[in-house]
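Participant: Chain A is already provided as a structure; the job is to place chain B on it using the hints.
As a plain string of letters, each chain reads:
2 protein chains.
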Amino acid sequence: MQASNDILPATGPAIILVEPQLGENIGMVARAMANFGLSELRLVNPRDGWPSEKARAAASRADHVIDAAGVFDDLASAIADLNFVFATTARARDNFKPVRGPVEAGRALRARQRSGQRTGILFGRERFGLYNDEVGLADEIVTFPVDPAFSSLNIAQAALLMSYEWMKSGLEDETKTNFSSPDMMPATKEQLHGLFAYLEGALEARGYFRPAAKKPKMVDNLRAVLTRAGFAEPELKVLRGIISSLDRFSPAMPRGDGSPGDDPRRLPAAARAAKATDKDQA
Amino acid sequence: MQASNDILPATGPAIILVEPQLGENIGMVARAMANFGLSELRLVNPRDGWPSEKARAAASRADHVIDAAGVFDDLASAIADLNFVFATTARARDNFKPVRGPVEAGRALRARQRSGQRTGILFGRERFGLYNDEVGLADEIVTFPVDPAFSSLNIAQAALLMSYEWMKSGLEDETKTNFSSPDMMPATKEQLHGLFAYLEGALEARGYFRPAAKKPKMVDNLRAVLTRAGFAEPELKVLRGIISSLDRFSPAMPRGDGSPGDDPRRLPAAARAAKATDKDQA
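Protein chains in written order, with UniProt numbering: chain A, 1 to 282; chain B, 1 to 282.
Extracted from the complex, chain A is given alone in its bound form:
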């Protein structure tokens, strides 16, 4: 049975499993593919036949990949319509095939895809991988940078890594993420120095900078610590709220029970100024 979408242009490399042994692994491959935008799965002579309930179950929500999978009697038929094929292998073969790492391979597949080529990636049997003559049917080899002393990626893991590199190759910027952090540019120096003024005033009032000769160095250290952190404006607001709480209240007279700290007319000038500009103190 040919893959049902062999008339449409491919949207990514076909993932081709050669004589996969376990249905669960086929399902895991489908699941890996779906996470990274691949949908064309081809099976060459699966050991336990097809369809496979174990594969469907292991695929979880990727059953659309399972349902569309093509099954072939031999490898040559499975790759007949492809222009370019990678073979995954962990060990060197004595042949002329160029060897790529997965990053390079992902980029090569993406470039070929963009120029209209149909591509595929071969994965071998759980125990034995691909035979030399099967590697011979491919164009190039892709191998993963595993620790040679412990090299045991299974087909689902290898398919996951190649699917991931495929996805990455299509990102404008490989640092792109599905969501990002809020904008954390450091606050302006005016905002930062405003915090320093408030904090240093509260500390001075408490005799922190003693003896007087030590004050310049202590101020310097305090400012260095609070500068290197690179606080953004929302973070400065949080800090100002903390300092305000420490400054205006005490365990004996906490905020909200009519203590002097609640009365803005009783605030130190710096805190009053800060309070007036704060929209949301802690």
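Warning: the hint list may mix true and false statements.
Unchecked claim - Okay, derived cross-link-like pairs now, DSBU-like style, lysine-lysine, Cα gap no bigger than 30 Å in a straight line:
1) B/Lys214 with B/Lys189
2) B/Lys214 with B/Lys176
3) B/Lys189 with B/Lys217
4) B/Lys97 with A/Lys176
5) B/Lys54 with A/Lys176
6) B/Lys97 with A/Lys189
7) B/Lys176 with A/Lys97
8) A/Lys189 with A/Lys217
9) A/Lys215 with A/Lys189
10) A/Lys176 with A/Lys217
11) B/Lys97 with A/Lys97
12) B/Lys54 with A/Lys54
FYI, nobody ran anything at the bench for these hints, they're computed from the structure.
Facilitator: Chain B alone, transformed into the frame defined by chain A:
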């Protein structure tokens, strides 16, 4: 039980599983780690306790990772000795944490490792991931560039991808592979043109370039095809052997049965020259 190697400098990030549910997943994580040179596994309150035979079995040859795994009652203890921690998560959280992709995260971990920092990566529960307060204990978030419509990496897959990016971050060149193809630089123009001369001589003798007016174009096409392929010297030897076989023998008088083609004195001059220089013809 603290990780047994907490006195030695770390060789890579600790992989920390928060309330992992299935022993098989813990084993798969260990196996993913071992492939990419990581060995420090920490488990926070594993659901089914510890040790776990299922984990050991699924770890396959990575049982050294399983045996050295540290078990902790809570997350705070599991990360107490670390200087920097990533939390993996698929969905945005309303917080101040910087968000990185796995490539950036791998590089950040490597840079910190090199400057002597101890690092870790948190992975959440199979069903629920990490809770917000657990993400809060980390420094930064790492998220994978999955298809948002189908986002279902399990902890073993997430650990595999992070372990892989860790390994890659330590390679001088991310295209580096464990083995490489033989040197395939294109043959020199002298070698290539030597092949052209031989081939064109054999074809001319067979009346291939007819009519005569077409010959320049036909020669041009032939040379263009054999040039664009970029054959390396070993490949040219293979081609020369093929041409030689076609030129000197026939099905009626194949090589090795005393046919005229076997007698070097009967070779065309170009083939004789080629034969003299070939060490190993096909």
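Participant: Now, for every hint given, state plainly whether the structure supports it.
Facilitator: Going down the list of hints, with the structure as the test:
no., hint, in the structure
1, B/Lys214 with B/Lys189, "holds (24 Å)"
2, B/Lys214 with B/Lys176, "violated (48 Å)"
3, B/Lys189 with B/Lys217, "holds (20 Å)"
4, B/Lys97 with A/Lys176, "holds (16 Å)"
5, B/Lys54 with A/Lys176, "violated (37 Å)"
6, B/Lys97 with A/Lys189, "holds (22 Å)"
7, B/Lys176 with A/Lys97, "holds (16 Å)"
8, A/Lys189 with A/Lys217, "holds (20 Å)"
9, A/Lys215 with A/Lys189, "holds (21 Å)"
10, A/Lys176 with A/Lys217, "violated (43 Å)"
11, B/Lys97 with A/Lys97, "violated (45 Å)"
12, B/Lys54 with A/Lys54, "holds (20 Å)"
Checked against the numbered hints given earlier, this structure breaks hints 2, 5, 10, 11; the rest are met.
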